[in-house]
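A.B. asks: For reference, the chains in residue letters:
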Amino acid sequence: DVKVTQSSRYLVKRTGEKVFLECVQDMDHENMFWYRQDPGLGLRLIYFSYDVKMKEKGDIPEGYSVSREKKERFSLILESASTNQTSMYLCASSETGAGANVLTFGAGSRLTVL
Amino acid sequence: AQSVTQPDIHITVSEGASLELRCNYSYGATPYLFWYVQSPGQGLQLLLKYFSGDTLVQGIKGFEAEFKRSQSSFNLRKPSVHWSDAAEYFCAVGALNYGGSQGNLIFGKGTKLSVKP
Chain C
36 DVKVTQSSRY LVKRTGEKVF LECVQDMDHE NMFWYRQDPG LGLRLIYFSY DVKMKEKGDI
96 PEGYSVSREK KERFSLILES ASTNQTSMYL CASSETGAGA NVLTFGAGSR LTVL
Chain B
443 AQSVTQPDIH ITVSEGASLE LRCNYSYGAT PYLFWYVQSP GQGLQLLLKY FSGDTLVQGI
503 KGFEAEFKRS QSSFNLRKPS VHWSDAAEYF CAVGALNYGG SQGNLIFGKG TKLSVKP
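Chains as they are written, first to last, in the working numbering: chain C, 36 to 149; chain B, 443 to 559.
Don't take each hint at face value.
Now the stretches of chain B that chain C is said to cover, found in silico as 3 or more residues with beta-carbon under 8 angstroms [as the list claims (entries may be wrong)]:
1) 486 to 492
2) 549 to 556
Computed cross-link-like contacts, SDA-like style, restricted to lysine to any residue with a CA-CA straight-line distance of at most 25 angstroms [stated by the list, open to error]:
3) 53(C) with 92(C)
4) 554(B) with 77(C)
5) 554(B) with 45(C)
6) 551(B) with 123(C)
7) 38(C) with 482(B)
8) 491(B) with 79(C)
9) 551(B) with 134(C)
10) 551(B) with 97(C)
11) 554(B) with 76(C)
12) 53(C) with 42(C)
13) 491(B) with 61(C)
14) 491(B) with 85(C)
15) 92(C) with 444(B)
16) 554(B) with 74(C)
17) 554(B) with 145(C)
18) 551(B) with 76(C)
19) 92(C) with 445(B)
20) 90(C) with 132(C)
21) 558(B) with 501(B)
22) 38(C) with 500(B)
23) 491(B) with 131(C)
Restraint ranges, calculated between C-beta atoms of paired labels, are given here [claimed, not checked]:
24) 458(B) with 49(C): 47 to 57 angstroms
25) 100(C) with 496(B): 41 to 51 angstroms
26) 102(C) with 459(B): 43 to 53 angstroms
Calculated directly from the structure, the hints in this document are not laboratory data.
A virtual CB, placed ideally from N, CA and C, is assigned to each residue, including glycine.
Please take these sequences and the hints and turn them into a complete structure.
C.D. replies: Here you go:
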């Protein structure tokens, strides 16, 4: 089974702190994604990546950046956390080609910014 | 632009009753369609997907969905609901080359299912 692991399930940070959310997948998938989930808004795409050192903005990239130095790891970075970034963050991965839209998700990282 | 609408925010059914969750999409061509389920505090798990072919697709946990092009719908059904089906359900649409991206999905806002004993 494809496994997507988000190392931090729950985080509490203070306004202005730099926050790193880590995601690792073990199935050699090319594509990786970061979504944000908020009640009543569903899932919104923040950033995605097709390959190492490659990134593309999603629908809501403001206030976020990403890093993909290795194929299996995709990090989401909040340079200066703000209270409106309190949310559930979901990482996902998929292969290329016909399976590109079949996303496998991690368990999520719930971030609270005080 | 692509979009997905799930008209029902919250549905309650009795255990053993049948279930239908509605999903409508907006997309210019034949879409790739998905249903995911999310248990409380967990990530999303794929229930089923439609790419092409037979418009009635079977998924895990006894779920099925039917693609109706004329209605732009992809409703999820289960003949008999179990208490363990209580969760949030998300419909999604994707395309290989949406906005130049590969593999992106557009999600509906979700339908929360409660199951009465």
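A.B. asks: For the pair supplied as a hint, residue 491(B) and residue 85(C), confirm whether the alpha-carbon distance does not exceed 25 angstroms.
C.D. replies: With Cα atoms ~22 angstroms apart, residue 491(B) and residue 85(C) stay inside 25 angstroms; holds.
A.B. asks: If you draw a straight line from the CA of residue 554(B) to the CA of residue 145(C), is it 25 angstroms or shorter?
C.D. replies: Holds: residue 554(B) and residue 145(C) sit about 19 angstroms apart, inside 25 angstroms.
A.B. asks: Given the hinted pair residue 551(B) and residue 123(C), is their Cα-Cα distance within 25 angstroms?
C.D. replies: Holds. Residue 551(B) to residue 123(C) sits at ~14 angstroms (cutoff 25 angstroms).
A.B. asks: Does the structure keep residue 38(C) and residue 500(B) at a Cα separation of 25 angstroms or less?
C.D. replies: holds (23 angstroms)
A.B. asks: Taking 25 angstroms as the top limit, are the C-alpha atoms of residue 551(B) and residue 97(C) close enough?
C.D. replies: The given pair, whose Cα atoms are some 21 angstroms apart, holds under the 25 angstroms limit.
A.B. asks: For a C-alpha distance cap of 25 angstroms, please report whether residue 554(B) and residue 77(C) respect it.
C.D. replies: holds (11 angstroms)
A.B. asks: Take a quick look at whether residue 491(B) and residue 79(C) sit within 25 angstroms of each other, Cα to Cα.
C.D. replies: OK: residue 491(B) and residue 79(C) at ~20 angstroms, within 25 angstroms.
A.B. asks: Starting from residue 554(B), check that the Cα of residue 76(C) is at most 25 angstroms away, please.
C.D. replies: Answer holds: residue 554(B) to residue 76(C) is near 13 angstroms, not above 25 angstroms.
A.B. asks: Measuring from beta carbon to beta carbon, are residue 458(B) and residue 49(C) in 47 to 57 angstroms?
C.D. replies: Given range 47 to 57 angstroms: holds, Cβ gap about 49 angstroms.
A.B. asks: Is the Cα-Cα distance between residue 554(B) and residue 74(C) 25 angstroms or less?
C.D. replies: holds (11 angstroms)
A.B. asks: Are residue 551(B) and residue 76(C) close enough, with their CA atoms no more than 25 angstroms apart?
C.D. replies: holds (5 angstroms)
A.B. asks: How does the coverage statement for the segment 549 to 556 of chain B fare against chain C, requiring three or more residues with Cβ below 8 angstroms from a Cβ of that chain?
C.D. replies: n = 4 at 8 angstroms, threshold three: holds.
Of the hints listed earlier, there is not a single one the structure fails to meet.
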